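Make a model of the complete structure from these sequences and hints.
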Amino acid sequence: MHAEQTEQTLAFDVRLSFGAFTLDVADEVPLAGITALFGHSGSGKSTLLRILAGLEARAEGEVHLAGTTLQRRDGKGFVPPHARGIGVVFQDARLFPNLDVAGNLAYAERRSRTRDGRLDTAAVVEALDLEPLLKRHTATLSGGERQRVALGRTLLTRPRLVLMDEPLASIDGRRKRDILPYIERLPQSFAIPVVYVTHSIDEVAALADRILLVSEGRRVDSGPLAEMMSRLDLFPLTGRFEAGALVDCRIAGHDTRDQLTDLTFDGGQLAVPLLDLPVGSEFRLRIRARDVILASEMPGDLSANNIVAGVVMAMREDTGAFVDVQLACGGTTLLARVTHRAVRRLALAPGRPIYAIIKSSTIDRPVGPAPRR
Amino acid sequence: MIEAAAALARVDFGPVRLTVALAATTTLILLVLGTPLAWWLAFTRSRAKPFVEAITALPLVLPPTVIGFYLLILMSPTAPLGALWRDATGSTLAFSFIGLVAASIVYSLPFTVQPLQAAFDAVGRSPLEAAATLGASPLDAFFSVASPLALRGYVTAGVLTFAHTVGEFGVVLMVGGNIPGRTKVISIAIYEHVETINYTQAHVLSALMLGFSFAVLLTVFLVNRRFPIHAR
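First to last, the protein sequences are chains A and B. Residue numbers for the first sequence follow the working numbering, beginning at 1 and rising by one. Residue numbers for the second sequence follow the working numbering, beginning at 1 and rising by one.
Don't take each hint at face value.
Stated by the list, open to error - To spell it out: a stretch of chain A is covered by chain B in this simulated footprint if at least three of its residues, at any positions, have a beta carbon under 8 angstroms from a beta carbon of chain B; those stretches are: (1) 73 to 82; (2) 103 to 112; (3) 144 to 157.
Hints were generated in silico from the structure; no laboratory data involved. Just so it is clear, the structure is predicted and the values come from calculations on it, not from any experiment. Glycine included, every Cβ here is placed at the ideal spot set by N, Cα and C.
As structure tokens, this is what we get:
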């Protein structure tokens with residue numbers, strides 16, 4: 001079992017040119033949890049997804065899924081998309097307009113690769129709350145409903161891997177938040193790994209365990225999400241102005257008198273506005289770099305509730321007024337954005353012990369699922 | 001009234017039966033043969049596409065006598081195709097019902113291929129890609145997704161091909177001649193009636209054609225309006 005698990009990856013090294021643009025990406029992605037394929041518009045991430053699905057017959061290179069070869073360097077033995085066991089949820093859902101919702105689900109179920117008791121129509125309908133939609137025509141569905149049906153349809157083929165191509169891109173903000181939990185639960189509920197293409201760092205932060213960063217048709221880097229998100233050198237790609245660290249937290253208790261929830265994380269404690277989650281819940285918080293104040297000594301009287309001790313690990317200057325400082329606080333990485341003047345005054349340099357101060361009011365509501373480790 | 005009934009009784013309906021048989025056979029064969037051609041034209045990225053499109057559309061612009069003339073040459077027992085047919089069957093291809101069917105297939109080709117190509121174009125690659133990622137082989141995806149979505153195109157292609165074959169004259173005259181029960185279709189019969197100043201019979205058959213043609217076109221327009229694409 002464990003020997004087999006070392007092969008549980010999606011490994012690829014592929015190339016495709018059209019016009020002046022060339023996509024050339026190689027990586028090996030573990031078949032577990034959700035991997036975000038992240039990059040700006042035109043970075044080639046959707047094309048890469050199509051290559052993995054077998055929809056770009058012109059692509060060169062090789063693709064291996066859990067020990068099965070889907071595409072070889074010599075061009076022989078190309079496995080067509082219908083035989084790959086890879087499900088795709090397209091940005092535009094692509095439901096069949098001649099069938100109603102139940103018909104779309106049945107279409108996939110009839111062509112399912114395997115029989116799997118956990119994954120029948122009833123289970124999928126239940127998990128995605130599709131019951132009220134079954135008799136509806138696809139043309140009458142909202143954008144969010146269409147994507148839920150598309151997701152359910154893909155699951156019913158019992159795929160080895162689900163690829164999602166910006167499934168929330170055409171859905172407005174509030175509805176997006178309604179769908180995220182359904183996607184987030186997939187890897188656990190159905191034991192199906194997901195590769196999720198997006199250009200929204202918020203969706204990455206909310207969903208992903210790992211991230212593969214693509215820019216101008218090339219792989220920049222890939223790795224566990226929290227590590228990648230706090231990497232100073234990746235800021236130009238992960239979003240300069242919304243730079244922040246992801247912190248995996250656990251609820252230690254609620255203080256109803258002060259309307260605060262106390263959290264613990266690997267590196268200290270945090271108090272945040274009261275959360276409607278049970279004690280013991282684990283989830284992910286995002287702390288923006290611009291909301292973190294640094295102090296060289298433990299401050300005395302201070303209105304801020306959260307003071308976390310740490311050590312400066314690295315600093316990244318840019319041409320503007322600010323310097324991004326990466327801090328190690330226990331096993332957690334935090335980011336702080338401070339001015340050049342503050343760097344001189346506090347004599348900030350790698351290795352310097354420091355205190356990070358975070359106002360409770362600046363911390364976002366939970367952005368993501370319980371950390372999966 | 002009695003006079004009209006008497007005229008109707010004297011009309012020979014053999015050409016009507018023959019015309020319906022010819023049009024039905026041609027339509028069935030063309031829908032089968034036209035589908036892969038229309039599919040290829042809709043989805044190919046080949047540079048040969050405009051050439052194939054032009055050849056497919058030729059029967060629309062050529063005078064029927066030109067098509068008929070070339071077909072007659074091809075089918076004559078001295079030509080390779082005609083000789084092959086005669087050796088295999090013992091009869092000539094020209095001036096036979098099968099020869100007429102073959103000629104009609106060429107003559108009505110664009111009326112099948114063009115509506116089908118437009119329908120497949122409208123379906124596009126997207127639903128086929130979706131079907132493939134759901135585990136449908138290309139043939140499965142054609143029958144389970146593309147055909148139902150292109151249903152209107154099939155109805156239009158079928159009706160237009162049938163009607164156009166019913167209305168052909170020049171090609172039939174060149175290739176089939178005027179043999180009762182074998183090649184004498186309605187349009188030929190009308191021509192003969194007029195030539196022999198038998199206007200009553202020409203009237204009956206012409207009125208029949210007029211009514212039929214109108215009904216056909218009405219069907220096409222009604223179907224195109226009333227076919228909700230998500231009908232189950």
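Status of each hint after checking the structure:
no.	hint	verdict
1	73 to 82	holds (count 3)
2	103 to 112	holds (count 5)
3	144 to 157	holds (count 3)
No hint from the list above goes unmet by this structure.
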